[in-house]
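Line by line, the protein sequences are chains Y and Z. For what it's worth, my numbering labels the leading residue of the first sequence as 37, then goes sequentially. For what it's worth, my numbering labels the leading residue of the second sequence as 68, then goes sequentially.
What the hints contain is simulated information worked out from the structure, not anything from laboratory work. Any given hint could turn out to be false.
Mimicking DSS-like on lysine-lysine, the simulated pairs with C-alpha atoms at most 30 Å apart in a straight line are [claimed, not checked]:
id, chain 1, residue 1, chain 2, residue 2
1, Y, LYS92, Y, LYS74
2, Y, LYS92, Y, LYS104
3, Z, LYS80, Y, LYS92
4, Z, LYS80, Y, LYS90
5, Y, LYS90, Y, LYS141
6, Y, LYS41, Y, LYS104
Simulated coverage check for chain Z against chain Y, where a stretch passes if three residues somewhere in it have a Cβ under 8 Å from a Cβ of chain Y [unchecked claim]:
id, region
7, 95-108
8, 119-128
Note that beta-carbon positions come from the ideal geometry of N, C-alpha and C, so glycine has one too.
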Amino acid sequence: DQQVKQNSPSLSVQEGRISILNCDYTNSMFDYFLWYKKYPAEGPTFLISISSIKDKNEDGRFTVFLNKSAKHLSLHIVPSQPGDSAVYFCAAYEGGGADGLTFGKGTHLIIQP
Amino acid sequence: ETGVTQSPTHLIKTRGQQVTLRCSSQSGHNTVSWYQQALGQGPQFIFQYYREEENGRGNFPPRFSGLQFPNYSSELNVNALELDDSALYLCASSTGRGRPQHFGDGTRLSIL
Numbered sequence: 037d038q039q040v041k042q043n044s045p046s047l048s049v050q051e052g053r054i055s056i057l058n059c060d061y062t063n064s065m066f067d068y069f070l071w072y073k074k075y076p077a078e079g080p081t082f083l084i085s086i087s088s089i090k091d092k093n094e095d096g097r098f099t100v101f102l103n104k105s106a107k108h109l110s111l112h113i114v115p116s117q118p119g120d121s122a123v124y125f126c127a128a129y130e131g132g133g134a135d136g137l138t139f140g141k142g143t144h145l146i147i148q149p
Numbered sequence: 068e069t070g071v072t073q074s075p076t077h078l079i080k081t082r083g084q085q086v087t088l089r090c091s092s093q094s095g096h097n098t099v100s101w102y103q104q105a106l107g108q109g110p111q112f113i114f115q116y117y118r119e120e121e122n123g124r125g126n127f128p129p130r131f132s133g134l135q136f137p138n139y140s141s142e143l144n145v146n147a148l149e150l151d152d153s154a155l156y157l158c159a160s161s162t163g164r165g166r167p168q169h170f171g172d173g174t175r176l177s178i179l
């Protein structure tokens, strides 16, 4: 049973526009959320995180929004650049649980020139 | 600052064999986690080590075991290899719980 769901396997966005990647979760014990970016033949690279006590966190072109009541988070990338083409994973920590991250299946973001 | 390094990069084994994968954590990190990533899936948590002790475990059988050494490097051992163990094995280190984990580039394990 997938506790972290990324329902869009792929997303195509024009260069310069906003990319919005979505993530839903079912476990109400998750209290810390992270986004990772992965290029082929490389490990995931940490992008940005958010604690469950916040609803927004911003770092340069990347902003993560958290809606706890809807159990939904999203990653906004503005403006999108060619180097942003990669697979993006949403991940979560469970408060008081095992200290591993629970990941979604990923969304392949393709930035079109 | 040295990042997380894993060895070997690729490995081919046959069913029933045993394998050891190695990981050096990022400088200053004392916590190491291991993940299995099958094709088309997100990484799945295997276990985590902190101060040389297992600190949490995912839904993996006991034939998956590990070690952490005083310098915070770590090993993942898998016994009695099965075809389904074919995957990318990722190591990640962090400064503790609730902190971002930083990943190595993984070991690609193929079971024939």
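Each hint, compared with the structure:
1. Simply put, LYS92 (chain Y) and LYS74 (chain Y) have alpha-carbon atoms about 23 Å apart, close enough for the 30 Å limit, and the pair holds.
2. In summary, the hint linking LYS92 (chain Y) to LYS104 (chain Y) is supported, as the alpha carbons are separated by about 11 Å, within the 30 Å threshold.
3. In summary, the hint linking LYS80 (chain Z) to LYS92 (chain Y) is not supported, as the alpha carbons are separated by about 46 Å, beyond the 30 Å threshold.
4. Pair hint LYS80 (chain Z) plus LYS90 (chain Y) does not hold up; C-alpha atoms about 46 Å apart against a cutoff of 30 Å.
5. Note on LYS90 (chain Y) and LYS141 (chain Y): the hinted pairing holds, with a Cα-Cα distance of about 24 Å set against a maximum of 30 Å.
6. Taking the CA atoms of LYS41 (chain Y) and LYS104 (chain Y), the gap is near 15 Å; set against the 30 Å cutoff, the hint holds.
7. Coverage of the region 95-108 of chain Z by chain Y holds in this model, with 5 residues showing a Cβ closer than 8 Å to a Cβ of that chain against a need of three.
8. Remark: the region 119-128 of chain Z is confirmed as covered by chain Y, as 4 of its residues place a Cβ nearer than 8 Å to a Cβ of that chain, reaching the required three.
Consistency with the previously given hints fails for numbers 3 and 4, ordered from lowest to highest.
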